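**Student:** Sequence:
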Amino acid sequence: MKFELVYTIEKIPAKKGHQAFSLTPSNNAVNPSIYIFDFINKMQFSLYKNNIKLIEYKSNIELSHYSFKLNNINDINNFIFCPKAVSSGYKVTRKRFLESSEVNWSWNYSNTTLNYTLINKNAQNIEIARISGFSLDGQNTGMLCISDSISEDYQAVIIFTACIIWNRSLLSPWIKFSDLFNRKK
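When you number the sequence shown by the working numbering, it's gap-free, plus one each residue, and the end is 513.
Simulated from the structure, these hints should not be mistaken for laboratory data. Just to be clear, a hint being listed does not mean it is correct.
Unchecked claim - Ranges of calculated distance between the beta carbons of each label pair, as one might list FRET restraints:
#1 Thr441 / His346: 25 to 33 Å
#2 Asn453 / Glu332: 19 to 27 Å
#3 Thr469 / Asn369: 17 to 25 Å
#4 Val334 / Asn453: 15 to 23 Å
#5 His346 / Asn450: 34 to 42 Å
#6 Asn378 / Pro341: 32 to 40 Å
#7 Asn379 / Thr469: 20 to 28 Å
#8 Ser479 / Thr352: 17 to 25 Å
#9 Ile380 / Ser416: 30 to 38 Å
#10 Arg496 / Lys343: 29 to 37 Å
#11 Thr469 / Ser438: 17 to 25 Å
The structure presented is a predicted model; accordingly, all values stated were derived computationally and were not measured. For glycine and all other residues, C-beta sits at the position ideal for the given N, C-alpha and C.
Turn these sequences into a full structure, and let the hints steer you where they fit.
**Tutor:** Have a look at this one:
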């Protein structure tokens with residue numbers, strides 16, 4: 329698979345002490361854009377492209393899956409991002425009651441390479457993106473590679489879901505560490 333878009337991800341300071349990631353193009357992409365993922369808490373986060381909000385997720389309750397829409401892009405709205413039931417990884421789909429089930433993607437984790445690969449299950453499991461580094465294997469930066477065949481709108485969905493995975497990977501060591509203190513004796 330040819331990857332035309334390669335982004336470097338870094339943790340950056342955010343407003344009011346929130347956690348944020350910056351994704352900057354690290355190759356010679358045409359019309360490169362800088363993305364910012366602002367994580368306020370498990371119930372509120374946003375993705376910005378060149379300081380314009382593309383995706384915002386807000387909820388009153390903490391969920392293990394997220395339903396989200398891209399702002400001002402009606403063609404590809406109503407996505408669901410959730411953990412897989414059986415294996416380690418995540419899936420990205422559209423809500424079934426809308427048009428066709430056009431998107432059926434799966435982020436699969438590899439214990440040997442310590443990265444996630446996004447495959448399109450509607451297209452013979454073709455690899456369309458890959459994330460590595462950063463909190464996945466203890467590095468301070470990470471990499472997101474996206475196939476050159478993906479439209480710009482779907483790239484935003486890939487970037488948004490990749491940032492959620494990175495953020496969960498950052499939080500999980502602290503959750504496990506705190507569980508040690510909360511065990512009943």
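**Student:** Mind listing which of the numbered hints don't hold for this structure, in increasing order?
**Tutor:** Hints 6, 10 not satisfied by this model.
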